[in-house]
Amino acid sequence: MDVQMKKGLLDVCVLALLRRGDSYGYQIVTELSGIIEISESTLYPILKRLEQAGQLVTYTREHNGRLRRYYRITYSGAQRVDEFARDWREMEKINAFIQGEIRR
Numbered sequence: 000m001d002v003q004m005k006k007g008l009l010d011v012c013v014l015a016l017l018r019r020g021d022s023y024g025y026q027i028v029t030e031l032s033g034i035i036e037i038s039e040s041t042l043y044p045i046l047k048r049l050e051q052a053g054q055l056v057t058y059t060r061e062h063n064g065r066l067r068r069y070y071r072i073t074y075s076g077a078q079r080v081d082e083f084a085r086d087w088r089e090m091e092k093i094n095a096f097i098q099g100e101i102r103r
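The sequence shown lines up with residues 0 to 103 when you count with numbering that gives the first Met the number 0.
Hints were generated in silico from the structure; no laboratory data involved. Bear in mind that the values here come from a model prediction, so they are computed numbers and not experimental data. We treat Cβ as the ideally placed atom computed from N, Cα and C, and that holds for glycine. One thing to keep in mind: the hints can contain errors.
As the list claims (entries may be wrong) - Derived CB-CB ranges, DEER-like:
1) Arg67 to Thr41: 15 to 21 Å
2) Tyr43 to Glu100: 38 to 44 Å
3) Trp87 to Lys47: 23 to 29 Å
4) Gln78 to Gly33: 36 to 42 Å
Construct the entire structure; sequences and hints are all you get.
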């Protein structure tokens, strides 16, 4: 898969997962790894970039005596997921055209 395409998909996958509920790094990697290849070293720069873009916020909570950083999607992040879904429907039409399933 094209690197830039995968980068965009990873961003939206992380946001879509957070739309289902707040989460932390290891859990995000675990849940997404069955869908798209991702490692913790790939995830944390994505989380930082999404936070800087205002698409998620962070907070800490104690877990087993240690502080754990959690991530929560913002309204802006949810809008990005919605926008991706609309764009994806358009991509499906383009793909159908490329595959010869749609004639002009």
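Query raised in the report: Hints broken by the structure, by number, lowest first?
Result: 4
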